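Colleague: Residue numbers (the numbering used here), protein chains in the order written: chain A, 1 to 170; chain B, 1 to 442.
One should not assume that every hint holds.
As the list claims (entries may be wrong) - Mimicking DSSO-like on lysine-lysine, the simulated pairs with C-alpha atoms at most 30 Å apart in a straight line are: (1) A:66 - B:348; (2) A:94 - B:427; (3) B:358 - A:142; (4) A:142 - A:94; (5) B:427 - A:66.
What the hints assert, rightly or not - The following residues of chain A were derived to be distant from chain B, with all beta-carbon distances above 10 Å: (6) 14; (7) 18; (8) 20; (9) 32; (10) 51; (11) 69; (12) 112; (13) 154.
It should be emphasised that the hints constitute simulated quantities derived from the structure, not laboratory data.
All values derive from a computational prediction rather than experimental measurement.
Don't be surprised by glycine CBs; every beta carbon is placed ideally from N, CA and C.
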Amino acid sequence: MSDQETVNSISRKGFLVKLSLSLAALSAVMASIPVLSALLAPLLESANEKWRTVGILTDFPEGTTKLVQFENADPKPYAGVTARSAAWLRHNGKNEFVAFAVNCTHLGCPVRWEDTAQLFMCPCHGGVYYKDGSVAAGPPPKPLTKYEVRVNNNEVQIKTSPLHITNITA
Amino acid sequence: MKHPVPPNAKWSYVFGSATLFCFLLQVITGVALSLLYQPSSDAAYQSLRFITYQAKFGNVLRGIHYFGASAMIILVGIHMIRVYITASFKYPREMNWITGVFLLLFTIFMGFTGQLLRWDSNGVWSSVVAAQQLGRVPLIGTYLARLLIGGDTLGGQSLSRFFAYHVFIIPALIFIFVGFHLYLVIRNGISEPPKSGRPVDPKTYRAWYNKLLKEKGVPFWPDAAWRDIIFSSVLIIIIVALAVIFGAPQLTQAPDPSAVHASPAPDWFMVPFFALFALMPHNIESVAMMLGPLLTVILLLSIPFISNRGERSPLKRPWSMFGVICVVVFVLSFLIVGMHAPWSADFKAKPLPLTVVKQAEKDTMIAAGVHLFYTKGCEYCHQISNYGGLAGPNLTYVGERLNQQEITIRIVNGSTNMPAFGGVLTKDELEKLTQFLSAQKR
Numbered sequence: 001m002s003d004q005e006t007v008n009s010i011s012r013k014g015f016l017v018k019l020s021l022s023l024a025a026l027s028a029v030m031a032s033i034p035v036l037s038a039l040l041a042p043l044l045e046s047a048n049e050k051w052r053t054v055g056i057l058t059d060f061p062e063g064t065t066k067l068v069q070f071e072n073a074d075p076k077p078y079a080g081v082t083a084r085s086a087a088w089l090r091h092n093g094k095n096e097f098v099a100f101a102v103n104c105t106h107l108g109c110p111v112r113w114e115d116t117a118q119l120f121m122c123p124c125h126g127g128v129y130y131k132d133g134s135v136a137a138g139p140p141p142k143p144l145t146k147y148e149v150r151v152n153n154n155e156v157q158i159k160t161s162p163l164h165i166t167n168i169t170a
Numbered sequence: 001m002k003h004p005v006p007p008n009a010k011w012s013y014v015f016g017s018a019t020l021f022c023f024l025l026q027v028i029t030g031v032a033l034s035l036l037y038q039p040s041s042d043a044a045y046q047s048l049r050f051i052t053y054q055a056k057f058g059n060v061l062r063g064i065h066y067f068g069a070s071a072m073i074i075l076v077g078i079h080m081i082r083v084y085i086t087a088s089f090k091y092p093r094e095m096n097w098i099t100g101v102f103l104l105l106f107t108i109f110m111g112f113t114g115q116l117l118r119w120d121s122n123g124v125w126s127s128v129v130a131a132q133q134l135g136r137v138p139l140i141g142t143y144l145a146r147l148l149i150g151g152d153t154l155g156g157q158s159l160s161r162f163f164a165y166h167v168f169i170i171p172a173l174i175f176i177f178v179g180f181h182l183y184l185v186i187r188n189g190i191s192e193p194p195k196s197g198r199p200v201d202p203k204t205y206r207a208w209y210n211k212l213l214k215e216k217g218v219p220f221w222p223d224a225a226w227r228d229i230i231f232s233s234v235l236i237i238i239i240v241a242l243a244v245i246f247g248a249p250q251l252t253q254a255p256d257p258s259a260v261h262a263s264p265a266p267d268w269f270m271v272p273f274f275a276l277f278a279l280m281p282h283n284i285e286s287v288a289m290m291l292g293p294l295l296t297v298i299l300l301l302s303i304p305f306i307s308n309r310g311e312r313s314p315l316k317r318p319w320s321m322f323g324v325i326c327v328v329v330f331v332l333s334f335l336i337v338g339m340h341a342p343w344s345a346d347f348k349a350k351p352l353p354l355t356v357v358k359q360a361e362k363d364t365m366i367a368a369g370v371h372l373f374y375t376k377g378c379e380y381c382h383q384i385s386n387y388g389g390l391a392g393p394n395l396t397y398v399g400e401r402l403n404q405q406e407i408t409i410r411i412v413n414g415s416t417n418m419p420a421f422g423g424v425l426t427k428d429e430l431e432k433l434t435q436f437l438s439a440q441k442r
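Let the hints inform the model, and build the full structure from the sequences given.
Modeller: This is the structure we're talking about:
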């Protein structure tokens with residue numbers, strides 16, 4: 001091969017190498033965008049929280065704590081029963097309500113209300129809370145998380161919320 | 001198959017291949033289950049019930065997959081302990097150890113996600129617990145938790161995610177790492193049984209090992225492999241027999257996050273962690289939850305770097321052996337304690353019968369105290385005459401330790417891990433309860 005042909009051959013080869021690598025990289029990036037989007041979808045979407053009616057005023061006598069169930073904001077159509085959340089709703093009197101998430105602040109297990117003992121008790125690691133949600137005993141690092149509650153036209157409503165995660169700072 | 005191996009590699013060497021055959025059993029039964037399972041949040045539980053109660057041999061199939069999973073965790077542990085005891089992680093097999101540590105982590109993750117796929121109430125609450133643990137990672141904890149459950153709340157997308165982890169992503173990683181692990185075994189050879197006074201010297205080991213194989217090596221098949229085949233065959237027969245006799249784990253309630261009367265319990269291989277979280281001091285918990293696994297993994301991965309030469313014989317490595325014994329004792333102890341869960345309220349405790357309490361028949365105050373002992377929740381945590389929970393001290397003879405006034409102070413003000421009941425009991429109720437308790441003597 002002459003020098004000119006060699007130079008042409010090298011530049012053609014070099015161009016083809018660059019072209020093939022670039023196209024491979026481009027195809028990988030293009031394919032990976034929706035893949036990464038599926039993987040990271042939970043961080044890219046955020047639900048618009050909604051007010052859910054859990055009952056009417058007369059359903060909740062003063063001084064009682066009752067379990068209420070409601071649907072999460074924007075559940076998937078195939079969520080089935082997992083679309084539900086629950087809260088312990090306490091009527092403190094004069095239409096003042098407080099709604100506690102059922103999740104223990106230790107590791108998220110569902111707490112149950114023991115009415116005669118007036119305590120919330122967690123079945124997992126011995127966590128206990130008083131009726132105002134403050135920690136009575138066991139490993140929970142902070143009080144029960146609260147949902148926003150309102151009374152709207154005689155209906156008691158709870159605002160949906162993301163699952164509250166206890167961080168290392170708790 | 002004719003690849004030569006050291007002549008004395010005998011029964012203690014079967015556990016690696018047993019783990020592999022167990023994994024293949026899991027893949028095959030997993031594929032079979034996927035023919036019957038509905039990986040959708042609204043249908044998964046129903047499909048599990050179909051598999052368990054209606055599909056021909058469905059319960060046995062689930063049982064094989066469950067006992068196979070348990071066998072994998074046990075075998076991975078035994079294999080790792082055997083490798084560590086014989087220091088087979090030393091030169092030139094360091095990478096074998098490192099890939100093995102990753103395989104251990106993948107196996108545990110598979111066990112965890114597998115339980116979740118039952119998608120019963122245990123599965124749902126286990127997901128929440130895992131998310132809360134991830135939440136303890138500084139700065140990004142909440143994001144990691146949301147990534148795990150696939151959104152802001154548990155829901156339809158959570159099961160899809162766990163299904164993808166359990167069926168596609170982690171098995172793909174396992175296949176890749178097992179392939180590499182096996183390639184390294186063939187490349188570096190099966191380690192010869194260690195001998196005291198014969199340390200590993202990286203400069204001379206390979207030549208010495210090749211000489212050993214040339215002079216004394218036996219063909220892998222059938223001289224060594226027959227033990228692997230027999231052990232794995234017997235193992236699979238035992239797994240199937242267990243599945244036939246005991247069936248699959250019971251399904252708990254439907255996966256409803258609003259059904260609060262659940263007592264979440266992980267499968268047995270996660271119970272030691274469950275117990276550890278219950279028993280560790282509360283104020284270090286968040287840090288321990290985050291750093292504990294991280295430091296454990298770093299330590300395991302660093303073992304070949306700490307010591308990749310020198311003596312391999314367990315007789316010359318007493319501290320290593322002590323470490324193994326400690327790990328086994330700790331894990332077994334936490335497992336046994338976790339099975340009893342003495343830190344949790346016993347919600348199934350039956351009311352203390354009046355017939356068990358001597359004075360109750362004659363003394364109406366004491367009889368009323370017995371009734372309050374149950375209705376006010378004391379019995380969930382305290383035992384009297386074998387009735388009640390284990391979370392708090394046994395009160396069968398509490399009257400010998402504390403007088404009525406001391407008992408009153410304790411009940412009103414609470415104590416470590418005991419709530420204060422002062423705001424819950426009336427004066428009359430307190431009097432009845434403390435009279436009953438202070439009368440409890442031999």
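Colleague: Determine whether the non-interface label on residue 18 (chain A) survives the test: each CB of chain B must be over 10 Å from its CB.
Modeller: About 30 Å separates residue 18 (chain A) from the closest Cβ of chain B, which puts it past 10 Å; holds.
Colleague: Tell me if the straight-line CA distance from residue 358 (chain B) to residue 142 (chain A) falls inside 30 Å.
Modeller: Violated, because 42 Å separates the two Cα atoms, which is more than 30 Å.
Colleague: Minimum C-beta separation from residue 154 (chain A) to chain B exceeding 10 Å: can you confirm that?
Modeller: Label holds. Min Cβ-Cβ 23 Å, cutoff 10 Å.
Colleague: For a C-alpha distance cap of 30 Å, please report whether residue 66 (chain A) and residue 348 (chain B) respect it.
Modeller: holds, 21 Å
Colleague: Once the closest CB in chain B is found, is it more than 10 Å from residue 69 (chain A)?
Modeller: For residue 69 (chain A), whose nearest Cβ neighbour in chain B is about 4 Å away, the distance does not exceed 10 Å, so it is violated.
Colleague: Does residue 94 (chain A) lie within 30 Å of residue 142 (chain A) when you go C-alpha to C-alpha?
Modeller: Holds, at about 27 Å.
Colleague: Starting from residue 427 (chain B), check that the Cα of residue 66 (chain A) is at most 30 Å away, please.
Modeller: Measuring from Cα to Cα gives roughly 26 Å; hence the hint holds.
Colleague: Classify the label on residue 112 (chain A) as holds or violated, using whether its beta-carbon is more than 10 Å from each beta-carbon of chain B.
Modeller: violated, 5 Å
Colleague: Per the stated criterion, does the least C-beta distance between residue 14 (chain A) and chain B lie above 10 Å, as a non-interface residue requires?
Modeller: Non-interface label on residue 14 (chain A) holds, nearest chain B Cβ at 34 Å vs cutoff 10 Å.
Colleague: Please check whether the beta-carbon of residue 51 (chain A) is more than 10 Å away from every beta-carbon in chain B.
Modeller: Nearest chain B Cβ is 16 Å from residue 51 (chain A), so the label holds.
Colleague: Would the non-interface assignment of residue 20 (chain A) survive a Cβ cutoff of 10 Å against chain B?
Modeller: holds, 25 Å
Colleague: Do the alpha carbons of residue 94 (chain A) and residue 427 (chain B) lie within 30 Å of each other, as the hint requires?
Modeller: holds, 27 Å
Of the numbered hints stated above, those contradicted by the structure are hints 3, 11, 12, listed in ascending order.
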